[in-house]
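Here is what each chain is made of, one letter per residue.
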Amino acid sequence: MSPRILLESRDLVKRFGGITATDHVTFSLPEGARHALIGPNGAGKTTFINLLSGVLTPTSGEIFLDGANVTHWSARKRAHAGLARTFQINQLFADLTPIETLMLTIAEREGEGSSWWRPVGARTDFVDEAVALLAQLGISDIAHARVGQLAYGKQRLLEIAVALAQKPKVLLLDEPAAGVPEHEREQILDVVAALPKDVALILIEHDMHLVFRFAKSISVLVNGGLFVEGTPDEIANDPRVRQVYLGEEEVHV
Amino acid sequence: MSNITSPSPEAMRARAVLLGRSRWGVAEIIFWILAVACYWLFPTKLSLLSEIAILGLVALSVDLVLGYAGIVTLGQGAFFGIGAYAAGLAAKFGMGTSLWSDPVIGLFIGGGVAAVIGFATSFLVLRGSDMTRLMVTLGVALIVDEVVNQMKWLTGGSDGLQGVLPSAVLGIWEFDLFGRVAFVYSLVVLFVLFVIARALVKSPFGLSLQAIKGNMLRTRAIGMPVNARLVAVYTVAAFYAGVAGALAAQTTQFASPDYVAFHRSADAMLMLVFGGAGHLYGGLLGSIIFRTMQDVLGNITPQYWQFWLGVTLVALVLFVRGGILGLLDNMLAAWRRKGGAS
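Line order of the protein sequences matches chains A and B. If you use our numbering, the first sequence closes out at 262, no skipped numbers anywhere. If you use our numbering, the second sequence closes out at 422, no skipped numbers anywhere.
Don't take each hint at face value.
[To be verified] The list that follows gives simulated cross-link-like pairs (lysine-lysine, DSSO-like), each with its CA atoms no further than 27 Å apart:
id, chain 1, residue 1, chain 2, residue 2
1, A, Lys176, A, Lys206
2, B, Lys293, A, Lys176
3, A, Lys86, A, Lys206
4, B, Lys125, A, Lys86
5, A, Lys178, A, Lys225
6, A, Lys178, A, Lys206
The set of hints was computed from the structure by calculation and includes no laboratory data.
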């Protein structure tokens, strides 16, 4: 029996004026996947994630989430259907605290986001879940600090925590370690490695250590199109991939 | 339930912190006691105090929209005016006897009509940047202003709506010449609506508004129906402003185009900025300061009070972030630091 496909794109195209940012990408993500999306700068990785998550609408092609055609669904509807993502540049709520951020996300997931007569915290089960999630990511110490004042690395972890609070089937991580100083990097790598097994993951990353430590399969995106797909070994030993990256950065194994 | 594990210390602390935020603070209780005490402290200024309570309610409604949800609006005065005319007309045609003249029912009429129009126009503010919202809300306010002026047969045009005769509050308390009933009535209505607004902003709904203000991209990514939330808060705020207008029409027994004029919206926003947006009390403090300054400065320099108001506003915005409440916050933080060091 072949594994269930959770996320799929068929012939996906996105054009911005004359530029083709996503060029006929056909791609599928099975249950439990650990898939990395790599490619040189400007290859269209973030555009592809934005198409999958509903931030952008494709020019043509289709997207399926757990069997449903979600091509024309809003980001909100896809989120409820089990798709979560993190952002390359932190998209957090600067004036809230991490615990409030997670309370908000959990309430939204459970359809309690518009409840207005009970204070935040009245649902103790939500509080306990949020606290457990912060502990899971090792950021319990900053639970009640203002998000805007947190160290960058902590904010990156909170990005992931928010996505996990959605209890997604598919999680898209857009450069989780981007901009994180060296001494905080290890914590992020550990968190990514320890993400729940039942969630299908796509990781965009420039950090090849993280890619090869984490990924079971890799796609290389070049000029908006899928260049090559394979296991980490195949990709690392592919002379074409080395050529693409020549002058960009070296592929370390 | 089979789950018998007790919550961790962190979970207990988080529950306490989150729920603690909705507990009434000492300063809040003092604020409301003082508000009540004004009845005996300033018996000759009750009309002014009613007016302050009403302005405070408008500023509170702007706070819900601007301070919490982050929608810049210059149109709240329109809802105030709509509420005033709706309640005024109801009282007028009720002839002071039928149910239509009942002030409490009048509040619902004023608030209700404003809410309907708020709901209908809320869809206009969903799209666009701050600047478009500013222009759209301003545009709606100008249209309402013009409609009121043109519908002379109904509104009395520029002469205003005469013969607004609300009956006794709850059939018991007649409005008196000294404004005693008017003040108590306005303060009670303000308090009730304040308590509701307070619950609202401290609920998951209120938290989601702050999140929308903070980062709309992320709120959509976590599956929040952003537009529905904005429509809801805009409609609620229109109801609040409408009730304030109804109160104004009932307590002054009059409604005029001045009630829908642009300066109403600008004043409300000014009061909020003065007091500090996003705290609920900012608008109330702002209305007290604004109206008191107007009264005091108006007595000293009748023509130039706006000059001093302007100077104060510019100074406040330049030197203190977050208005009076921001200033108090900073002072409290400084005092705590000092206390911690010694």
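Here is what the structure says about each hint:
| no. | hint | verdict |
| --- | --- | --- |
| 1 | Lys176/A to Lys206/A | holds (12 Å) |
| 2 | Lys293/B to Lys176/A | holds (24 Å) |
| 3 | Lys86/A to Lys206/A | holds (24 Å) |
| 4 | Lys125/B to Lys86/A | violated (55 Å) |
| 5 | Lys178/A to Lys225/A | holds (18 Å) |
| 6 | Lys178/A to Lys206/A | holds (10 Å) |
The earlier numbered hint that this structure contradicts is number 4, and it is the only one.
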